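Starting from the known structure of chain D, arrange chain W on it as the hints suggest.
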Amino acid sequence: MNGSIVVTGAARGIGRAIAERLAANPLFTVIGVDIAPELGLANPSIVAVQVDLTTTEGIEAVGRSIDEAGLPLLGLVNNAGITRDSRLVNMSDEDLRAVLDVNLGAAFHLSMALSDLMHEGGSIVNIASRAYLGNFGQFNYSMSKGGVVGLTRAMALSLAPRVRVNAIAPGLIGTEMAMTIPEDVLEKMVDAIPLGRMGSPEEIANVVWFLLTPLSSYITGHVLVVGGGRSLG
Amino acid sequence: MNIFRAHDVGDDWDEVRAELTRAFEVAREAARAEESIVFMVHHDDLLGRRGPGRAMVAAGLLSAARSAALEGSRKGWTANVVAFDDDADPTHVERWAKRLAEDPAGITGELLRVGVSHIGKALP
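Protein chains in written order, with my numbering: chain D, 7 to 239; chain W, 707 to 830.
Since the hints were derived computationally from the structure, they do not count as laboratory data. A portion of the hints provided could be inaccurate.
[Stated by the list, open to error] Listed next, the stretches of chain W that the computed footprint assigns to chain D, with coverage defined by at least 3 CB atoms under 8 Å from CB atoms of chain D:
1) 715–724
2) 743–755
3) 762–768
4) 772–786
Quick caveat, the model's predicted, so the values are computed rather than measured. Beta carbons: idealized from backbone N, C-alpha and C, even for Gly.
Okay, chain D solo, but in the shape it has when bound (with noise of 0.2 Å):
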């Protein structure tokens, strides 16, 4: 059927090639959500919305884009995010801050605000990060991951049978973020991959449209961690 989806964090990386690869199926009106104003650059077919998600008037806008689309609310991913990584002793309250609430509490008040508007049998997925396993230097993402975490599970619970949620873990993906590691570091993360090589932002996107249409029907509250292997190495 004909519907909306919202895609947060859609100007770049991941989130960008989940919104492209969604607005490339005709029956989908992608809604992408962006503080970046890149955005409205990234593909005709996607209607941007630029706005700080952190703020109730940025939670609204994106409603408000909802209502102009004029068609039911299939999806929601919950894409955006930040890091400010930096070891636990030095890590400063606004780089806890700031990665919270843009990371977990964006998600929070988007999911709140939307799930009463979402058509039965939508889908809500939340980009987590294999980081909610651990991850050296990231307590502040780690938090708020493992927090997104948290909100699929109690989510899940809260809107089944109506709408199913979600997460995916990504692990090392070749986005920008990516590529400002040190190369030395990167080449011992690669490494410890089992596949070999970082993922891919249109393989995390494959996942999202598993999850995002009736392909994963019977699935809900569950965290695909998306790594390559990299949890067991």
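Just chain W now, with coordinates in the frame of chain D:
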């Protein structure tokens, strides 16, 4: 002794963030002192059974503990989580938390579940 027991929060972001921030402050002080830390959460919250607010706190603390454990492993301190259910004997829960805070004996980044309600359920 660094034992952080998560308070019950509502489905309110300010409450959730305040609780996670309180845990962060305790953990950071423990890390600076190179002392072990234990987070205590309700098992139902790890599975999201008591609402998103509590679930975000409990699951957030478990993940944060795993990251803290990696840092502590280089300095000799540990980070663990004790989860309990409503039927767990409170003296057992306290005993395990105290044990892991005082004498973790090589245990770190672990989730110790006191009670039986987790059996047959998802692994958080």
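Open item on the list: For each hint given before, does the structure comply? Return the numbers of the non-compliant ones in rising order.
Closed with: none
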